[in-house]
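There are 2 protein chains.
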Amino acid sequence: MKIALDAMGGDNAPHVTVLGARNALKLYADIDKLFLVGDAHALEKEMAECKLTDPRAVITHAPEVVGMDESGAKTLRRKKKSSISIATDMVKSGEADAVVSAGNTGAAVAAATVKLRTLKGVDRAGIASAIPNEHGICQILDAGANPEAKPQHLITYAVMGAVYAKNVLGVDVPRVGLMSNGEEDEKGTTFTKETFALLKHLQSTGRAPFEFVGNVEGHDLFESKLDVVLCDGFTGNIILKSCEATAKAMSKWLKLEFKRSPFRIMGAAIARGAFKAVKKKSSYEYVGGSPLLGVNGVCIIGHGSSSALAIQNAIRVARETVSLKVNPHIEETLAAMHRPSEDEAANA
Amino acid sequence: MKIALDAMGGDNAPHVTVLGARNALKLYADIDKLFLVGDAHALEKEMAECKLTDPRAVITHAPEVVGMDESGAKTLRRKKKSSISIATDMVKSGEADAVVSAGNTGAAVAAATVKLRTLKGVDRAGIASAIPNEHGICQILDAGANPEAKPQHLITYAVMGAVYAKNVLGVDVPRVGLMSNGEEDEKGTTFTKETFALLKHLQSTGRAPFEFVGNVEGHDLFESKLDVVLCDGFTGNIILKSCEATAKAMSKWLKLEFKRSPFRIMGAAIARGAFKAVKKKSSYEYVGGSPLLGVNGVCIIGHGSSSALAIQNAIRVARETVSLKVNPHIEETLAAMHRPSEDEAANA
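Sequence lines, in order, name chains A and B.
Heads up, my numbering is the position in the first sequence plus 4, with the first residue counted as 1.
Heads up, my numbering is the position in the second sequence plus 4, with the first residue counted as 1.
Excised from the complex, chain A in its bound form:
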């Protein structure tokens, strides 16, 4: 398997990208080539410093970078030699099986959708971001690729999220919920109500590759047995950032409170294993990266402030998405849903 890493993408690149690449290569024997795409000079230096000598790590020079604060799609058109652009081109040409980027999300999404196009049966791609849930992993879909989604897009997201949950996370019958402002069936906006009706209809045909559990709310993300939570990309992006910000604020306030007395500092030190365990459960470092589902190629999007561990895990997600054939499964599942049933064929 060959993976193209946007080695210049992210707040802490290229240091953490090179470190993450080194650690991933140590762990994963099935990676044949890991292309580090970016400024060759900077990357050579970083590789020497990080002692990355594995011959599978290959630098592909890209003279430009899309900055984290630049308008992704616009800058992409201007910077044709940027690391994310060239890394995505490598997937398009078949040189690589997947692209991984913790850089500008807008640029990564635009590069993938423009260069790779969408899978057969898919109108719009969506980012599946993992939320740590008591029963496993709950994916928010879409977490930001398609801010003004149409109801039909969410139906495809439901199918793609279910295929991912089944093939990568090992869930037999994935449970899909629709994010709304209340759990009752009649709650929501015109948009969510239309989506709700389409999901109910699909469920009633017996062709949905998932179980639709109805409207869900914030607490369901963490507590309920749920594999996919559907929403438009605007809402999903805001949910994800709000949850992350809450966890960060709680942790910061707790640290400040500990520092108010030597006893509290001691108590916190004694219980530190618990804090580490919760941090591990809730941190995106362990999740790694979010697949951009629906593009014709594998594209994994990392958090802008990814650490080396996050990069390593984003590479793991890319490996899984490729080797477990998520894209072929998505196309097959969508085709099967639209194929006439035996009864329909007989009546035709």
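It is worth saying that the hints were derived from the structure and are not from the lab.
There could be a bad hint or two in this list.
To be verified - Here chain B is said to cover these stretches of chain A; the calculated rule only asks that three of the stretch's residues, wherever they fall, bring their Cβ under 8 Å from a Cβ of chain B:
#, segment
1, 244-256
2, 272-281
Unchecked claim - Keeping only pairs whose Cα atoms sit at most 20 Å apart, straight-line, the calculated EDC-like set for lysine to aspartate or glutamate is:
#, chain 1, residue 1, chain 2, residue 2
3, B, Lys256, A, Glu248
4, B, Lys252, A, Glu261
5, B, Lys49, B, Glu68
6, A, Lys256, B, Glu138
Glycine included, each C-beta is placed from N, C-alpha and C at the ideal position.
Since chain A is already given, all that's left is putting chain B on it; use the hints.
Below, chain B alone, put in the same frame as chain A:
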């Protein structure tokens, strides 16, 4: 001052409503009457148990209750003798200055908007929910009254939130942000971009009673000097519930981890003051209730799972909103914004 409390509203009513009423009466000498609206028999019994003997506590019988799981607006039309309906009628008739309810939010909003109507210059009411922020209180507006808001509604929300921040929270020039999926000016949906342009325009006229700081994201809720975060009621409701759910999940997971070893339990016990302080900072119990801004009367909405402390604080919020004349200030501010300036008057 006279306050009508929906004594049957909330998951733990009437026990916590009566307890909260008793405690509020002990604290606030400026309450002349506190009407406990609900089933007279149940309330008499509860008052005896809670030793609520203050003569300012007066039962107003209401034979019906809108359940927490019922469709608020629909049920309200059917249950004309429900506690929330009668409590709101008392504000309409002038018997009470404010209504406080921790019951079905949909019913409380519908009762207030239908019976009290909106203030002059206000099209739609919005719920201002407080988020604990490092610099004080940040209000999310709207937190759920108006799920499909129009850009113009958010302009009025900005003004109302600013008036509340100025008059109740003591902020000189309130800072207002627009929730979006990124901080850059060009981020957002058609809806947020239109709202952004209207806010920029209002700011440019010099007539905005606030400073518009642009688009904001999840972390700004907790970290940035911000008094009001604008969004439609669908998004606001989801943000609020997601933040609350994250805090709850973190706290639950931490407790589970502490229990894994006696050392951790001991450490957590030694540091317990820190946990209590963060809980106090982040709990809605201390916030109390959220004003429904824009209705012609004071309506304070409490959390469904309000404790006695939350009810007591919701009554405090009602007192402040009445005595600090939030509604007259909103009407004056909106009128002043639309009044021609001296230059315009001279040119007319």
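Against the structure, the hints:
For the segment 244-256 of chain A, the stated coverage by chain B holds: 12 residues have a C-beta nearer than 8 Å to a C-beta of that chain, and at least 3 were required. For the segment 272-281 of chain A, the stated coverage by chain B holds: 9 residues have a C-beta nearer than 8 Å to a C-beta of that chain, and at least 3 were required. Using a Cα cut-off of 20 Å, the hinted pair Lys256/B and Glu248/A holds, with the two alpha carbons roughly 16 Å apart. As the CA atoms of Lys252/B and Glu261/A are separated by approximately 18 Å, the hinted pair is consistent with the 20 Å bound.
With a CA separation close to 17 Å, the supplied pair Lys49/B and Glu68/B stays within the 20 Å bound. Distance restraint check for Lys256/A and Glu138/B: the Cα-Cα separation of roughly 10 Å lies within the 20 Å cut-off, and the hinted pair is therefore satisfied.
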